Amino acid sequence: MLPNRSHLLASFSTKPFSLASHSGVASVSNDPISETAEEWFEEGIKKWNENDLMGALESYEKSIFTKPTGEAYYNIGCCYYQLGKHEKAANAWIHSLSLSLNRSDAHVNLANIYALSQSIRNPEKAISHYEAAIRISPEDGEIRYNFAVVLESMDKLEEAIEMYKVAIEKGVEKASVNLRNAVARWGSKKLRDMEKVKGKGVKDE
1 MLPNRSHLLA
11 SFSTKPFSLA
21 SHSGVASVSN
31 DPISETAEEW
41 FEEGIKKWNE
51 NDLMGALESY
61 EKSIFTKPTG
71 EAYYNIGCCY
81 YQLGKHEKAA
91 NAWIHSLSLS
101 LNRSDAHVNL
111 ANIYALSQSI
121 RNPEKAISHY
131 EAAIRISPED
141 GEIRYNFAVV
151 LESMDKLEEA
161 IEMYKVAIEK
171 GVEKASVNLR
181 NAVARWGSKK
191 LRDMEKVKGK
201 GVKDE
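Start counting the sequence shown at 1; every next residue gets the next number (my numbering).
Hint data in this document are derived by calculation from the structure and do not stem from the laboratory.
Take every hint as true, because none was put in to throw you off.
Each computed DSSO-like pair below joins lysine-lysine, with the alpha-carbon atoms no more than 30 Å apart:
| id | residue 1 | residue 2 |
| --- | --- | --- |
| 1 | Lys190 | Lys156 |
| 2 | Lys189 | Lys170 |
| 3 | Lys170 | Lys156 |
| 4 | Lys156 | Lys196 |
| 5 | Lys47 | Lys88 |
| 6 | Lys88 | Lys67 |
| 7 | Lys190 | Lys165 |
| 8 | Lys174 | Lys190 |
| 9 | Lys62 | Lys85 |
| 10 | Lys88 | Lys125 |
| 11 | Lys47 | Lys62 |
| 12 | Lys67 | Lys85 |
| 13 | Lys174 | Lys156 |
| 14 | Lys47 | Lys85 |
| 15 | Lys46 | Lys88 |
| 16 | Lys67 | Lys47 |
| 17 | Lys165 | Lys125 |
| 18 | Lys85 | Lys46 |
| 19 | Lys189 | Lys156 |
| 20 | Lys165 | Lys189 |
| 21 | Lys189 | Lys174 |
| 22 | Lys125 | Lys156 |
| 23 | Lys46 | Lys67 |
| 24 | Lys125 | Lys170 |
| 25 | Lys125 | Lys189 |
| 26 | Lys125 | Lys85 |
| 27 | Lys62 | Lys88 |
| 28 | Lys46 | Lys62 |
| 29 | Lys174 | Lys125 |
| 30 | Lys190 | Lys170 |
| 31 | Lys190 | Lys125 |
As the structure is a prediction and not an experimental result, all values here were calculated from the model.
Model the full structure from these sequences, guided by the hints.
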């Protein structure tokens, strides 16, 4: 089993994704290139388990130099994130998706990094990647929960409330607290808006 260390940004997901555990290199009999790429990939996992991030990164890079796969690029992104190189992590996850289109974990990592990283923060990109992740893994309530947190941070309260509700339906119990807070915020916002309209009407008289 891969290490418990989360590679997600200050993860507000309750179930972080792990490293890709298989290289994704097609098994071809007597293919030395595939075999070498697989060996470097496995060495990367070994180094990661030993907390040798630079060694893991070097091994994964040798794997993709030999034969690029979405899985190896994905793990490179994990290494870069742990090393604090958020832009390089994002680029690696983007490469991963170009080779493995249906990786909801890569979309979630990109969404989280665009939502939380000060250096490359981009809420609109975060929303786009959450939506893509939901299309791939519609039953994953934790993706919905993360998405709701970002929507709430953008003051999109009504959308956040609906997303929290779905997350709760799909088993994310901690979303209940967030839902109550978001509903309270939405109620306060509606009250302020009503008072502004009322105040404007008094001035116009």
